[in-house]
Every structure is written in structure tokens, then in C-alpha cells.
Amino acid sequence: GENVEQHPSTLSVQEGDSAVIKCTYSDSASNYFPWYKQELGKGPQLIIDIRSNVGEKKDQRIAVTLNKTAKHFSLHITETQPEDSAVYFCAAKKPYGQNFVFGPGTRLSVLP
Amino acid sequence: EPEVTQTPSHQVTQMGQEVILRCVPISNHLYFYWYRQILGQKVEFLVSFYNNEISEKSEIFDDQFSVERPDGSNFTLKIRSTKLEDSAMYFCASRVAGGLQETQYFGPGTRLLVL
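Each protein sequence line maps, in turn, to chains A and B.
Under this note's numbering, the first sequence has 111 at position 111, and the numbering climbs by one with no breaks.
Under this note's numbering, the second sequence has 1064 at position 64, and the numbering climbs by one with no breaks.
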């Protein structure tokens, strides 16, 4: 089955710096890759997603890149702010399947 | 903005007791999911539900678990005889129908503690 790895497990950056979180997946059939942000005491909230027919997607300060050949995708947050502090999860999904396979999460701390 | 809601937010139960976790998915959504997250671990898929039946389930979702949509708004997860290892945060999620509509919207979760 699909296995999703995520690095780093924790990341501290200074406010205004960029943060990059990387995920790898094992099943080349996976074709949908969402990123979720989970704040303390809340459920995961989708922040950006990408499909396998696209190499990059950007939404304001957040971007995701996908390398299908290497089976990895990355989340890039620019100009980080303290409110970006949270746990970030990547996930992968195969076509015709229902479930997301999540990575173990990255705890991002943005220091003022 | 529509949200997935879950009740209760916290539940404490004794081992061997039955628990029912409740979810109200977003109203026009047709796919429903349960995930769990053991403390400090990754979010794990339990089950998906569409058209009043289970469409997919993981190996975690054994005979102790069941799901139901008892009316037009609620979606429930029942654990028949809870075990210590069932202690986790349980998330409900939902999404619209449609092949390209992949986004799953998550509720705030129910924290279950089995003593």
C-alpha cells in the first residue's frame, strides 16, 4: 500500500523567512496530493493541493511542487508569520480510492 | 462558511463500553469519512461511506467498529467494546460528489479516552 514520509518532523524559522516541508510517496499511481494545516485543538484544514498532471501550484505565500519521477512533493511557505505556526500534514491519494494516506506531520514554529 | 461539526469534543469511557461519536457533514456533501489520530502519530484512515454503504475501509476498521447515517444530517461512528488502544482523536470528514472534487473537509475532532 501507499506510504508517505515527511521531513522534517519539526522546523523553526524566523518570522519573514521561508519554510520548506518535503514529502515522499511510494505508490506511483497516487495522483492527488493535499496539504493540511492543523492548529492546536482543531481538525486539519486544507491549505493547498496539487494533482499529478501539474508540476507546481501557488496561492499567495504558499506553493506546492511535485516531482512525479522522484515521487516527492514539497510545501513552500514564504514570508512566514507567527500565525503560520501549526502542524502541517501532507497526504496522497490514488485514483478511484477514497482514503488519504497522511504523512507523520511537521511541527512548524515561526519565531517573532 | 459551512463546516463539519462533531460531538462530543471530548469523551471518557471505561474499557469495554460502547461509544458513539457523532458528526454532521457539510449539507451538500455525499462522501463521508472517519479518520483517527493517536497522540503524536499520523492521521489514519478508518472508513469511507457513500450512498448509505461503506465504500472503503482500512484494516483498523474491524468488527468492533460500525458507521451509520441514521438520518439526513448525522453520520456516526460506533465502537462496540472499547479498548485502551482506541484512545485517540477521531476526525470526521466529508466531500462533495464528482470525480475531480477531491477535497475532504475535516471536523474539529472528538478526543476519546478509554480508561
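Keep in mind that the hints were calculated from the coordinates and are not lab data.
All values derive from a computational prediction rather than experimental measurement.
Take the hints with a grain of salt, since some may be wrong.
[As the list claims (entries may be wrong)] Looking from chain B toward chain A, a few residues come up when the C-beta cut is under 10 Å (computed):
1) 1050
2) 1058
3) 1065
4) 1102
The C-beta atom is built at its ideal place from N, Cα and C for all residues, glycine as well.
Now the hints, each set against the structure:
no.	hint	result
1	1050	holds (8 Å)
2	1058	holds (7 Å)
3	1065	violated (15 Å)
4	1102	holds (5 Å)
Violation of the numbered hints given earlier is confined to hint 3; every other hint is satisfied by the structure.
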